[in-house]
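Spelled out from the first residue to the last, the chains are:
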Amino acid sequence: DQQVKQNSPSLSVQEGRISILNCDYTNSMFDYFLWYKKYPAEGPTFLISISSIKDKNEDGRFTVFLNKSAKHLSLHIVPSQPGDSAVYFCAASLTYNTDKLIFGTGTRLQVFP
Amino acid sequence: DAGVIQSPRHEVTEMGQEVTLRCKPISGHNSLFWYRQTMMRGLELLIYFNNNVPIDDSGMPEDRFSAKMPNASFSTLKIQPSEPRDSAVYFCASQGENTGELFFGEGSRLTVL
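Residue numbers (this note's numbering), protein chains in the order written: chain R, 50 to 162; chain U, 8 to 120.
Some clues are possibly wrong.
Straight-line alpha carbon distances no greater than 30 Å define the calculated BS3-like cross-link-like pairs of lysine-lysine that follow [said to hold, decoys possible]:
no., chain 1, residue 1, chain 2, residue 2
1, R, Lys54, R, Lys86
2, R, Lys120, R, Lys105
3, R, Lys86, R, Lys103
4, R, Lys86, U, Lys75
5, R, Lys103, U, Lys85
6, R, Lys120, R, Lys86
7, U, Lys85, U, Lys31
8, R, Lys54, U, Lys85
9, R, Lys105, R, Lys117
10, R, Lys54, R, Lys103
11, U, Lys31, R, Lys103
Keep in mind that the hints were calculated from the coordinates and are not lab data.
Construct the complete structure from the given sequences, taking the supplied hints into account.
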């Protein structure tokens with residue numbers, strides 16, 4: 050029973066364009082959402098997060114949008130760069146801290162020149 | 008500034024053998040998590056500890072899996088006996104108090120032949 054779903058296993062985008070990665074969740078009690086980025090042979094690293102009281106959070110080229118009614122969040126990368134090529138994991142938690150993060154299956158983003 | 012340290016980075020073993028994976032969390036972090044990454048299920052939470060106490064082990068797949076955290080600076084994940092379907096990358100992550108972000112190690116890639 051996958052509580053956090055990333056239905057697109059891969060995405061290919063041209064450099065300079067926008068990348069949009071999507072994530073859906075089933076548990077309406079989730080209160081905190083995060084995106085992690087993972088390069089091959091490395092551990093995932095934190096990218097950006099959003100609390101359920103917000104609908105948008107921006108950090109440089111990265112913006113996360115949250116639609117609570119649809120139980121959907123998305124990560125926008127503008128403009129996309131070749132160095133953004135990685136696997137992106139969406140994660141959700143019931144509380145801000147000291148609680149388990151439930152991850153999705155990941156989306157592999159490839160940014161080509 | 009040392010991050011989460013995992014060992015071994017790679018382990019190849021034969022079915023039936025015991026496997027022990029090790030993790031040293033970031034100093035001062037009070038929560039530790041063990042995740043397993045597979046293509047089908049993404050990052051799957053196995054168990055997590057808070058202040059060295061196991062809080063939730065519902066993700067541990069079978070009795071063949073066990074985890075310990077004897078002190079704040081060390082944890083082990085043991086598989087006995089190992090099976091080919093246990094082949095995956097196992098990640099350890101730690102989390103500080105009053106922060107929602109997890110810091111991951113580089114992972115231990117396990118191959119069971």
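Do the hints match the structure? See the list:
Taking the CA atoms of R:Lys54 and R:Lys86, the gap is near 16 Å; set against the 30 Å cutoff, the hint holds. The hinted pair formed by R:Lys120 and R:Lys105 meets the criterion: a straight-line CA distance of about 14 Å does not exceed 30 Å. Proposed proximity of R:Lys86 and R:Lys103 is supported: the alpha carbons are some 22 Å apart, at most 30 Å. Between R:Lys86 and U:Lys75, the direct Cα distance comes to roughly 28 Å. Compliance with the 30 Å bound is thereby established for this hinted pair.
Between the alpha carbons of R:Lys103 and U:Lys85 the distance comes to roughly 40 Å, so the proposed pair goes past 30 Å and is violated. Straight-line distance between C-alpha atoms of R:Lys120 and R:Lys86 comes to about 21 Å, which keeps the hinted pair within the 30 Å bound. Distance check on the hinted pair: U:Lys85 and U:Lys31 sit about 15 Å apart at the alpha-carbon level, within 30 Å; holds. A hinted pair counts as satisfied when its Cα atoms are at most 30 Å apart, and R:Lys54 with U:Lys85 qualifies at roughly 29 Å.
Taken as a hint, the R:Lys105 and R:Lys117 pair is honoured in the structure, with Cα atoms around 11 Å apart against an allowance of 30 Å. Between R:Lys54 and R:Lys103, the direct Cα distance comes to roughly 21 Å. Compliance with the 30 Å bound is thereby established for this hinted pair. At roughly 35 Å between alpha-carbon atoms, U:Lys31 and R:Lys103 are farther apart than 30 Å, so this suggested pair is violated.
In the structure shown, a violation is registered for the earlier hints numbered 5, 11, in ascending order.
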